[in-house]
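Peer 1: Chain by chain, the residues:
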Amino acid sequence: MNINDTDVTGEAEPRVLLVHYLRENLGMTGTHWGCDTTNCGACVVLMDGEPVKSCTVLAAMADGHSIRTVEGLETNGRLDPVQQGFMAEHGLQCGFCTPGMMLTARALLDKNPAPDDGEIREAISGQICRCTGYTTIVRSIQWAAEHPEPDGFGVESGYDGEFANDVDIRDIPETAANVTAAGDGADGVTSEEDTKP
Amino acid sequence: MTLTPEREANHAADSPDRPIGFGRIQRKEDPRFVRGRGNYVDDIVLPGMLHGAILRSPLAHARLVSIDTSEALAHPKVVAVITGKDLEALNLAWAPTLSADVQAVLATDKVRFQGQEVAFVVAEDRYAARDALELIEVEYEALPPVIDARRALDPDAAVIRDELPGRTDNHIFDWEAGDAAETDAVFARADVVVDQEIIYPRVHPAPMETCGAVADFEPVEGKLTLYETSQAPHAHRTLFAMVAGIPEHKIRVVSPDIGGGFGNKVGIYPGYILAVVGSIVTGRPVKWVEDRSENLMSTSFARDYIMQGQIAATADGRILGLRTNVLADHGAFNATAQPTKYPAGFFHIFTGSYDLEAAHCTVTGVYTNKAPGGVAYACSFRVTEAVYLVERLVDMLAQRLDMDPAELRLKNFIQPEQFPYKNKTGWEYDSGNYEPALRKALDMVGYDELRAEQAEKRARGELMGIGISFFTETVGAGPRKHMDIVGLGMADGAELRIHPTGKAVVRISVQSQGQGHETTFAQIVAEELGIPPEDIDVVHGDTDQTPFGLGTYGSRSTPVSGGAVALVSRKIRDKARLIAAAMLETRPEDLEWEKGRWFVKGDPSAAKTMAEIAMGAHGTITLPDGVDGNLDAEVTYDPPNLTFPFGAYICVVDIDPGTARVKVRRFVAVDDCGTRINPMIIEGQLHGGLADGVGMALMEIIEFDDEGNCLGGSLMDYLIPTAMEVPTWESGHTVTPSPHHPIGAKGVGESATVGSPPAIVNAVVDALAPFNVAHMDMPCTPARVWAAMQGRATPPI
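Order-wise, the sequence lines are chains G and A. Here our numbering is used: the first residue of the first sequence is 1, the next is one more, and so on. Here our numbering is used: the first residue of the second sequence is 1, the next is one more, and so on.
Looking at chain G on its own, in the form it has when it is part of the complex:
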């Protein structure tokens, strides 16, 4: 099969699930395994561009197909917009559902570059997140739709004289609210002076 643009040849027992083949035979542990009844979607990968639950695909069934995993979302040191979106909009917490969610989002945006809230929710409805309550995941995918090019993020892996990491994302709309050291704007009832015990 072809995984993340690399041809892979290997042997697997007929019963071995794709999720285990990826994780254990290939050491690609970004794909997760969260249930045993194909409900949770933590194992979603793209097979020929379509999201599939790799716990419900035999490794042998992937023979001759092209598979994309979370490890293949970043290309040439550039993060995919969905990866940027999930960071920008706090679309992840424990991170366990994130790879599957992002791959489904990628497939959705490839077909429908400007999905609405309902279309996004339906697209990810085969996947469970226990941390976020989904609102920020929807926002993350909207963010990726609004920023189709990995533009202006300068995300490099490694050391370039000045340590660069993605905490340095800069995408500031002109209307951005002022952030004060005491919190997040003026909609609290108590003034920030009162926040000092």
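No lab work stands behind these hints, which were simulated from the structure alone. Remember, predicted model here, so these are calculated numbers, not experimental data. Every residue, glycine too, gets a C-beta built ideally from N, C-alpha and C. It is possible that some hints are incorrect.
[Said to hold, decoys possible] From chain G, some residues computed to sit far from chain A (all C-beta separations above 10 Å): (1) Met1; (2) Val8; (3) Thr9; (4) Gly10; (5) Thr56; (6) Val57; (7) Leu58.
[Stated by the list, open to error] Label pairs and their computed distance ranges (CB to CB): (8) A:Gln418 with G:Asp117: 42 to 48 Å; (9) G:Asp117 with A:Ala241: 50 to 56 Å; (10) G:Asp117 with A:Ala769: 50 to 56 Å; (11) A:Glu221 with G:Thr6: 39 to 45 Å.
Once you have looked at the hints, place chain A on chain G.
Peer 2: Chain A in isolation, oriented as in the chain G frame:
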């Protein structure tokens, strides 16, 4: 597409002038997670590692007649098969629980719940280990199971724990709080009393990652390294030392990245112990990772409180008192996680946000043939149950008095000037300003317009409901004098080192499972010292690298460990002052602090930054007497009290009159957790908890049939909300700092899980007013709502 205010604010998180300290900044954890480069337990591979799998009981209650492992041992890939008899020889067949009971690691005499651990296979690979389970022959002799907690104390009920000397019944404990006589007197003179049985059904935290471990016992050094899905790695290390007899300095527990905990990963499960035994027996690392069905059937459940609740009031809506008798179903072993002196956790916070004259509760715990647990799923030690009880009763009282539920609450709130407020069961609430929070929620949701819309719709036969919940949480256990887990006081340590170049590492005793500790704890240090958060590494989870503490649960990280980190930062600041004074050749008292630097009063240009001071400390300047040549400090923080965050939640539901399907149309949540370290992360915490609320109120339940078969043992049956079942959350906040906390911050992680279920159920019951429904128990599934509409008892499922 327009940006919502929250989204705009998130973008501001990464402006060039983003805050050095509190405020929205993006998470330091995310870069590895979005690349699939997290490091979770099942990602760990060690040389020579074997795989373990557990054979589980198909029966709820049965005598164990015999186990034949010969065929499994003959399997070419099987290295070892461990049974209860093998563990008995090592004195490991039973392990202590967090509630001073014991639980079977592997069954020896009987099995006591379906899914209980019976044998452990260690094999060369994951698949072979599962194959070998099928080759083990077990003979059982079925016994009558005890399933209904109400029948557990019947004289003819089978005795589940007959291995305990002298035990002749299924009674675990009786506990009470408040004043019974005073409460009876108040009820005697009340105009109105509402009396209702309110059940909080058994549910499960179901984190996306199940529980698992990799045990690596190195026989030459005698050192055990245990990678675990543990929310409390230090407490686990101590317990393993006590249980397994391995000296504590020879045990290293590592919690790597954890795929959600929600209280599921606090206790020690047999699988962890079996992985350790497997590694000792085989001399090789052993990995054990449970599947989802095992997780749902055998690890810590939550809730399962049958509460008979009563509320007393005057005719004009002054609430006088509350009382309740609770029957608590703890399953076959009492493994409930809570401070030792609190067998019912903090349930006695059930007086809620109201100024009462009297209150009293009793809680009786019983054994049944079910999995152990009870305290989990963001309950803050039974505060979920307490808040659900009081907020349902207040709504029922409003219905009885024909009063608006918001008005009734406003009328009875504890007033801001009453704080610190001593409630009638022994808590001292630290601070609160309840009315503005509720008013804000009412404004955000457009309460009056909604009531008008509801009246119109009701006239047309449409079912729309509006539900309010106003809750007070109690989080941040806790003061050592009162609170310990298995004898370990609930204080937390923090260590902070400033490297010569001014970069820092802070080591904490709590353990993130997605709550963003690596970001927010850096922000606390940043706020105190002016070092940018990206220059501060947060180390957690490795007991060899971090100070002792009790771990993350009960929303205790910010209250306890956050306090420790603020105080250790201040220790550094004080030391930095002495060093800066030496560098500037002035007296420490002549210096003034400005975030990030000490400067000479009246001469701001004469200053030393933290980085300069760090280099000075490690350099060659002459240091004052008694000052070590470093810029490091450590603190163990013993909190004086818990923190009491609060919130006002309003839920709007629509019910399809033809199918009885409940749809949550809107949900407004106004929370107050005092000082806000990172509003973006707080919002995410709350969103997740609100989704839990939708799950529990409408979908989730772990039920059993009469034989004790678990009917919620997979995600096919245990329904968790997807993006389709939840609305876009609307959040607001107020800020009422905790007066006793070093930075005024309160916990918040569990608030939404605690506060949202009553808001949703109150909305459902409100929608069903035309059918004269006074109460219905969760989950409000279509079948159960339909039954309620027909005036029938709820169906069994």
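Peer 1: For every hint, state whether the structure bears it out.
Peer 2: Now the hints, each set against the structure:
| no. | hint | result |
| --- | --- | --- |
| 1 | Met1 | 18 Å, holds |
| 2 | Val8 | 16 Å, holds |
| 3 | Thr9 | 21 Å, holds |
| 4 | Gly10 | 15 Å, holds |
| 5 | Thr56 | 13 Å, holds |
| 6 | Val57 | 16 Å, holds |
| 7 | Leu58 | 13 Å, holds |
| 8 | A:Gln418 with G:Asp117: 42 to 48 Å | 43 Å, holds |
| 9 | G:Asp117 with A:Ala241: 50 to 56 Å | 52 Å, holds |
| 10 | G:Asp117 with A:Ala769: 50 to 56 Å | 31 Å, violated |
| 11 | A:Glu221 with G:Thr6: 39 to 45 Å | 40 Å, holds |
Checked against the numbered hints listed earlier, the structure breaks hint 10 alone; every other hint is satisfied.
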